[in-house]
Structure formats: C-alpha cells, structure tokens
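K.L.:
Fit chains B, C and D to the supplied structure of chain A, relying on the hints for placement.
Number of protein chains: 4
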Amino acid sequence: MTDEPGYVSDRNAILKRLARIEGQVRGVKGMVDDNAYCVDVLTQLGAIQKALDGVGLKLLADHTDHCVRGAVERGGAEADEKVDELLAAVERFARTR
Amino acid sequence: MTDEPGYVSDRNAILKRLARIEGQVRGVKGMVDDNAYCVDVLTQLGAIQKALDGVGLKLLADHTDHCVRGAVERGGAEADEKVDELLAAVERFARTR
Amino acid sequence: MTDEPGYVSDRNAILKRLARIEGQVRGVKGMVDDNAYCVDVLTQLGAIQKALDGVGLKLLADHTDHCVRGAVERGGAEADEKVDELLAAVERFARTR
Amino acid sequence: MTDEPGYVSDRNAILKRLARIEGQVRGVKGMVDDNAYCVDVLTQLGAIQKALDGVGLKLLADHTDHCVRGAVERGGAEADEKVDELLAAVERFARTR
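Residue numbers (this note's numbering), protein chains in the order written: chain A, 111 to 207; chain B, 111 to 207; chain C, 111 to 207; chain D, 111 to 207.
Don't read these hints as lab results, they were simulated from the structure.
Check the hints yourself; a few may be wrong.
[Stated by the list, open to error] Calculated from the model, a selection of chain A residues having no Cβ within reach of chain C, i.e. all distances over 12 Å:
(1) S119
(2) R121
(3) A123
(4) L125
(5) K126
(6) E132
(7) G133
(8) G140
(9) D144
(10) A146
(11) D150
(12) T174
(13) R205
[Claimed, not checked] Reference listing, derived: stretches of chain A covered by chain B, where coverage requires no fewer than 3 residues with Cβ under 8 Å from a Cβ of chain B:
(14) 163–172
(15) 186–192
Yeah, the Cβ is synthetic: ideal placement off N, Cα and C, and Gly gets one too.
This is chain A alone, in the form it adopts within the complex (with noise of 0.2 Å):
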C-alpha cells in the first residue's frame, strides 16, 4: 500500500522510544515536584533533548530512505516535490535541536 509512511517497519522501535521519552519528561516533573536541583533537572531536559534528536533522525532516515527515495526512482513532478520537502524538514529539524 502506497500511503504507507517511511517508518511503518520500524513503528514498534519508535513507539517504545516516544514511550520512554514520555517516562523521562513525566520523571522531570516529579523531580520538579521535589524541587530538585536546578542543574540536575536541566541535565535531564538535555537527555529528553538527545533522545527526540535520535527519533527525529529515525524518522528523518526512513523517509528518505522510503518516501523520498521511491518518488525519485518514479521520477517527475513529485520527485522534485519530495526532494523540496525534504530540505524544508532537514532545515527545520536542524534549527530545532
């Protein structure tokens, strides 16, 4: 099926990964909670950080790998279309981080 997105086989990865990642910010609550130390709750913000940079990039790869690709290979208007849409979405994840 065409409307699959890039990531479908590596869907369960990326759940468990965005489920551990909602574990790490709902910890970061709790230590605020706690009125922990500042420094130590911003060494766990800098770890949420890495970890959605890690999906972000996933996600980045198994779109190019899949979508982007497979619009080059069949060529045409679409293939500039992706090939565009791509450089936005690297763009954008790179200001981000």
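P.N.:
Structure of chains B, C and D alone, referenced to chain A:
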C-alpha cells in the same frame, strides 16, 4: 530555607509546561500509531523540542538569578563553584538543543 | 562531466558568501583587538554562525538535488551509498549547528 | 580600568583562534573553487562551526566570570541589568549554534 531551588516561585508554571509537553509526546505516539506522514511527525517533534528549550531557558534564568547570584553575593569558594557549574550547564544546554 | 559537485551552478554565489563570512571573522578580530564589549562580540559570532548555516543548507540542498537524486535515479548500490552518506551529513550538520 | 572586557587576559588566545578560523574559511573557499565534493565541504563547515562555538563559550565564560560577577558583587540596578543581559546572550548563543 536555603535548599529551595531557583525555580521555586515558577514551579507551578514549569509543571504546567512539562504536563503539556508530556501530552505532546503522547500525541506523537498517537500519530505514529495512526501511520501519520513522516514529515508531520517531524514537525510535531520540532514543536516539542522548542517547548523543552523554553523550559530549559526558564530554569537556567531562575538558577542564575537566584542560586548563582546569591552565591556570588556571599562570595568565597562557593561563588567560584557556582559560576563554573553555571558555565558547564550553559555549554551542555547549548550542545543538546 | 560527472565529477562536478552538486553546487557547481551556485559556486559563485557560495564563494561570495564565504568571502563575506571571511570578512566578518576579520571584523570580529578587530573588535577583540579594540577591547569591544563581550556581548557585542558574541552577537557578531552569532551572525557568523547563522551565515555559515546558510551556506551549509545551500550545499546540502544542492547535494541532495543533484548528487543524491542522480544516484537514486541510476539505482543500484551507489544509490544506497549516497542516501546513507546524505543522512550522515544531515546528522553531522544538525549536531554542529 | 573598569572598561576592560571580561576576556582581556585571554585576548591573545582568542585572537589566535579567530585567525585560525579565518584561515579555515579561506580554506573552504579554496575547496569550493576546486570543485571539492559537497560532503567534504560540509564537513569543513562543521569544523568551523565547532571552532566558533568554542570561542563563543570562552567569551561567555569570561564575561560571566568578570563582568557579571563584578556587577553582582557591587549589587544594585547594574547587577539586575547584567544578569538579564547574560541570560539574553545565553539564549541567543544557544539559538545560533
């Protein structure tokens, strides 16, 4: 009490922001579960990174304005220590975002 | 000729941007030499980082649009290689900015 | 003299680092002029970003350790101002890298 963290007066606002971030992560899990388009998932991850950045900067500001400032006003070895620790935290913060 | 880099048609624009960045770095040297205020020097360094980011994104775009796309169109092992290499470059780019 | 910037005792080391960065930018111009491979140019740009980061962190450290610390020790409105200015600089620094 001297053991209160720098963010103590902002604690409720920070907890609210973290709860919102936790909800955003849960939302991304739902998107992946529904086979959402890769680029849309990436955009949401970017929004979460930005929200985490905001919390990190708030904590850094509170920490500088209370803990570091207090230590510098009191002077001595603790002041040196707090300034060094702040700079290490700034460096880590800049690297993980 | 197949050995032309992806940025070949943008080369003059890229060289102009790099010459401007070189001038900005020279300008910061002058500021430091004149004992300029720390925060003003930092602001200038930020402007240089942003300009370098712009050149990096342009190169990444040209590379994807020409080299990677061409390899994917031709298919085979070279396509796999180029896609992997692109993803590694995106990751490095995101980490250093 | 109170007008000396925080980096005054590190000025020569900072100037040397900036001169090195200027040379690195010149080197990248040469690479582009020679039609070097896109990914190799990107790698070099990454090295320059990292070197600029290092200079920025050094300036931020010197600024905090001298200007901000001195203002906090003296107290009053100048202290508030310097702490606010530092936090704004940290935020900008984190955003441009």
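K.L.:
For which of the previously enumerated hints does the structure constitute a violation, in increasing order of number?
P.N.:
Violated hints: 12, 13 and 15; rest satisfied.
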